Amino acid sequence: MTGQDADERTLEALRNTGAATDEPRLFEHFIYCDDEAGAAWLETQARADGWQTIRVAPGSHGVVASRSDLPVNDETVAGAREFFEKLAGSVPGGDYDGWGAEGA
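Start counting at 1 in the sequence shown, then tack on 16, and there's your number in my numbering.
If you are wondering where the hints come from, they were derived from the structure by calculation, not from laboratory data.
Among these hints, one or two may not hold up.
DMTMM-like, lysine to aspartate or glutamate: derived pairs with alpha carbons at most 25 Å apart [stated by the list, open to error]:
| hint | residue 1 | residue 2 |
| --- | --- | --- |
| 1 | K102 | E91 |
| 2 | K102 | E59 |
| 3 | K102 | D90 |
| 4 | K102 | D50 |
| 5 | K102 | E44 |
| 6 | K102 | D85 |
| 7 | K102 | D65 |
| 8 | K102 | D21 |
| 9 | K102 | E52 |
| 10 | K102 | D23 |
| 11 | K102 | D51 |
| 12 | K102 | D113 |
| 13 | K102 | E24 |
Computed from a prediction, not measured in an experiment: that's the story for all the values here.
Work out the full structure: start from the sequences and follow the hints.
Structural data, given as structure tokens:
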């Protein structure tokens, strides 16, 4: 299954709950890498694009980027996937592990 297939399944699940995909909601993305320098760079780049970040766990190289000011729909999901896949591809061991949204 491709990332886009997973995106469509998650969006469909969101729509099936009756959630309006044109209203802002919590939108989270998960990115991992091999080292501290890469994780710090991922956080800096995500914040510069308007995302809040936290580490998956203290001392980990996993980053959760989130925001609550965007709707979660085909357009925003595609744009975010492109952004985070590009970020992940820019650091050693980078891996974009997908996204989740409130209500999905």
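Verification of the supplied hints:
no. : hint        : in the structure
1   : K102 / E91  : holds (17 Å)
2   : K102 / E59  : holds (13 Å)
3   : K102 / D90  : holds (18 Å)
4   : K102 / D50  : holds (16 Å)
5   : K102 / E44  : holds (16 Å)
6   : K102 / D85  : holds (22 Å)
7   : K102 / D65  : holds (13 Å)
8   : K102 / D21  : holds (18 Å)
9   : K102 / E52  : holds (18 Å)
10  : K102 / D23  : holds (17 Å)
11  : K102 / D51  : holds (17 Å)
12  : K102 / D113 : holds (12 Å)
13  : K102 / E24  : holds (20 Å)
Checked against the numbered hints given earlier, the structure satisfies every one of them.
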